[in-house]
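J.: As a plain string of letters, each chain reads:
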Amino acid sequence: MSVSRREFMRLLAMAGAAGMTVNSSVFGDSGVEYDLPSFGNLSLLHFTDCHAQLMPVHFREPSINIGIGDAFGQPPHVVGEHFLKHFDVARGSAKAHAFTFLDFEAAARKYGKVGGFAHLATLVKRLKASRPNSLLLDGGDTWQGSATSLWTHGQDMVDACKLLGVDIMTGHWEFTYGMDRVREIIDEHLSPIEFLAQNVMLTEDASFEGKPAFDEESGQVFKPFTIREMNGIPVGIIGQAFPYTTLANPRYMMEDWSFGIRDEQCQEMVDVVRADGAQVIVLLSHNGMDVDLKLASRVTGIDVILGGHTHDGMPKPSLVNNAGGKTLVVNSGSNAKFLSVMDLDVRGGRVADYRYRLLPIFANLLEPDPQMASFIETVREPFKQQLETVLATTETTLYRRGNFIGTFDQVIVDALMEVRGADIAFSPGFRWGTSILPGDPITVEHLMDQTGITYAKSTLTDMTGEMIKLVLEDIADNLFNPDPYYQMGGDMVRVGGLRYAIDPGAQMGKRLSDLELNGKPIDPVRTYKVAGWASVNPQPDELPDIWDVVAEYLRDRKVIRDMIPNIPKVKGVASNPGYAVLK
Amino acid sequence: MKRRIFLKGSLAAGTIAVAASAGLLTPTRVLASAWPKAAFESETEAEALQAFFGTSDVEQSDQVSIKAPLQAENGAVVPIKVMTSLENVEGIAICAIKNPRPYTTSLRVSGGGGGLYSTRIKMGQTSPVNCYVKAGGKLYMASQEIKVTVGGCGG
Chain E
-4 MSVSRREFMR LLAMAGAAGM TVNSSVFGDS GVEYDLPSFG NLSLLHFTDC HAQLMPVHFR
56 EPSINIGIGD AFGQPPHVVG EHFLKHFDVA RGSAKAHAFT FLDFEAAARK YGKVGGFAHL
116 ATLVKRLKAS RPNSLLLDGG DTWQGSATSL WTHGQDMVDA CKLLGVDIMT GHWEFTYGMD
176 RVREIIDEHL SPIEFLAQNV MLTEDASFEG KPAFDEESGQ VFKPFTIREM NGIPVGIIGQ
236 AFPYTTLANP RYMMEDWSFG IRDEQCQEMV DVVRADGAQV IVLLSHNGMD VDLKLASRVT
296 GIDVILGGHT HDGMPKPSLV NNAGGKTLVV NSGSNAKFLS VMDLDVRGGR VADYRYRLLP
356 IFANLLEPDP QMASFIETVR EPFKQQLETV LATTETTLYR RGNFIGTFDQ VIVDALMEVR
416 GADIAFSPGF RWGTSILPGD PITVEHLMDQ TGITYAKSTL TDMTGEMIKL VLEDIADNLF
476 NPDPYYQMGG DMVRVGGLRY AIDPGAQMGK RLSDLELNGK PIDPVRTYKV AGWASVNPQP
536 DELPDIWDVV AEYLRDRKVI RDMIPNIPKV KGVASNPGYA VLK
Chain Y
1083 MKRRIFLKGS LAAGTIAVAA SAGLLTPTRV LASAWPKAAF ESETEAEALQ AFFGTSDVEQ
1143 SDQVSIKAPL QAENGAVVPI KVMTSLENVE GIAICAIKNP RPYTTSLRVS GGGGGLYSTR
1203 IKMGQTSPVN CYVKAGGKLY MASQEIKVTV GGCGG
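If you're matching them up, the sequences are chains E and Y in order.
So that you can map any letter, position 528 of the first sequence is 523 in the working numbering, and since no number is skipped, the others follow by simple counting.
So that you can map any letter, position 27 of the second sequence is 1109 in the working numbering, and since no number is skipped, the others follow by simple counting.
The hints are simulated quantities; they were obtained by calculation from the structure and are not laboratory data.
Ideal Cβ positions, reconstructed from N, Cα and C, are used throughout, including at glycine.
Keep in mind that the hints are not guaranteed to be accurate.
[As the list claims (entries may be wrong)] DSSO-like, lysine-lysine: derived pairs with alpha carbons at most 27 angstroms apart: (1) Y/K1180 with E/K464; (2) E/K505 with Y/K1204; (3) Y/K1180 with E/K505; (4) Y/K1149 with E/K206; (5) E/K464 with Y/K1204.
[Said to hold, decoys possible] Only some residues are given here: those of chain E computed to face chain Y with a beta carbon under 8 angstroms: (6) Y239; (7) T241; (8) V466.
Excised from the complex, chain E in its bound form (with noise of 0.2 angstroms):
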């Protein structure tokens, strides 16, 4: 039985309050303010990496985020109280919840949802009356990440942004699609929406074959760039995908595409739309982070790079001088939860002065918008019944973000060892998936915003003691070289199982020690029961799919209790302002 439109409006609102009555006054004087005084004469709202979650949703922030070499204690690497005292956020407040982890579950219930695309909605209407000189921006990560977003192929995702006012957007997560729904997508629904990538190439191959490529002289697949003017001065965004595109995800789902941070091209991007006449230079990237930050130090006359993937909200940005003078660099989070207001003051032809907030979207304190609202009923309706299974109860808080794993990735890698009978289990080190509160239901909805992968096959491996140190050092490395431009910007593999100790600041190969099963050391050359998901190569159809063997386990489970996530000892972190110890 499907409820009515009144009541989904009824519940939409209180999404947020697990079950209580509305109520913003526990709020009180939170300095979450959304009626932000105009400044300057033009406007950028962004938001990046909302992985599809159309409802609001509780997501909990990272405890521990640990940044290596230059990094050490800098935005983004900085968690709990060192965040709140970096950024100077009161302890306690709603800020203090949307920004960190401290005190999840309590905050959870104080405060309520965070994020929807109803509630997103109504605040960007907002923002854009009192701004009408602005654009908005999608980072991307916006067709993956849910249940209905896989079932509709991305569809729900590209009609939702229409809907909701997208002008730009990029992409990563979009590409596992294939290329033919890409290309069906940009080509044929995407419109008005432009999607812009400057660094993916046709491969020589799929050039001499005669593939498809917004130009076919430079190679460039997409529209890198488009000039708009807002309050008559020519502003120019550059589209950054992600870089690691065919590293992290299955190569073959892409393989005419070519990625890479190509920032030498960016530099020529940047010089061609100015000599255009842009008076603004905005880069929207999938980088992530770290790797924006060191864009920033090279390229030249970027004004501000609107920047996502590795999830992190940033209440400022962070100033970054290079040779042509100086570049701002944002990043808006995840999940819907964050919207990004660069407001500009655009004099003599170049950008003299800014205002920036990153606002938490809270859905106890925005109404829904009823247009959203209503089109987010319509495309729930049809797997309704599929998305409200419950599979299991919890009595544990159940999340994912951090370096090395999260209480629902010990699900995860429990079901796999238990339901494969499997040695070890790894699952990847996605940082998207929501959070779950002690005595809630976990949905198949739930299970699907953990798993709602293109390439969701489970693998059962035989590997040996050595190929399993060298995998995860490999993947370690992704995660902690000191150098942004190797770093692939997802978090650890997360292990099941066997047991090790890691010292992030150490050279490639030397991180890891201390391996052990059942309390005995790895042995190189014996060979273990690996069970995985998501493997990034084709995999055989018969495979079971990961959300059916969690959910074989859950349904056997019934109950989830004291999840202890098998976080490795890690080494030389105590005085990391990126690590904190969970008491």
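Starting from the known structure of chain E, arrange chain Y on it as the hints suggest.
T.: Just chain Y now, kept in the frame of chain E:
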């Protein structure tokens, strides 16, 4: 020039090499004098340089530059461009240091040309890739770390 036409042209020019590697031509006969067998079979970089250039005495030079990915999208075909502003170039070679046989590719340049050399090499693992240019009787090099990852863990 259109990129596609240029690519067709460059592939056509490369057919000798393709034919050679496909066994259509017998390198040892056709290219007998040019095939640097000893260099390709060397297990160290120094041996390979000695075999091809006649010296392993090399100095770093900022007149040699490399354009290659920091992280290879596919270790089996890693695109590399070696560029040099040195004059009187006699030869160019590329070594992937951690390959079991580091010497991956080389060419001799006659008539004292300049240098822009583009190729693809195969890499077994993350390694420094050294590019050598012999010019005016001396050997110069530049190096870049290229990561070959098992990947699969992006956010």
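J.: Using 8 angstroms as the Cβ threshold, decide whether E/T241 counts as touching chain Y.
T.: It holds, given that the least Cβ distance between E/T241 and chain Y is near 5 angstroms, below 8 angstroms.
J.: E/K464 and Y/K1204: Cα distance at most 27 angstroms?
T.: holds (24 angstroms)
J.: Compare the distance between the alpha carbons of Y/K1180 and E/K464 with 27 angstroms, and conclude whether the hinted pair is satisfied.
T.: With a Cα-Cα distance of about 19 angstroms, the restraint between Y/K1180 and E/K464 holds, given a limit of 27 angstroms.
J.: Per the CB criterion, is E/V466 less than 8 angstroms away from chain Y?
T.: OK, holds: E/V466 within 8 angstroms of chain Y, min 6 angstroms.
J.: Are Y/K1149 and E/K206 close enough, with their CA atoms no more than 27 angstroms apart?
T.: With Cα atoms ~25 angstroms apart, Y/K1149 and E/K206 stay inside 27 angstroms; holds.
J.: Tell me if E/Y239 is really an interface residue toward chain Y, meaning its C-beta lies closer than 8 angstroms to one of theirs.
T.: Interface hint status for E/Y239: holds (6 angstroms vs cutoff 8 angstroms).
J.: Is it true that the CA of Y/K1180 sits at most 27 angstroms from the CA of E/K505?
T.: With a Cα-Cα distance of about 17 angstroms, the restraint between Y/K1180 and E/K505 holds, given a limit of 27 angstroms.
J.: Could you grab the alpha-carbon distance between E/K505 and Y/K1204 and see if it respects the 27 angstroms cut-off?
T.: holds (25 angstroms)
When each numbered hint is compared with the structure, no violation occurs for any of them.
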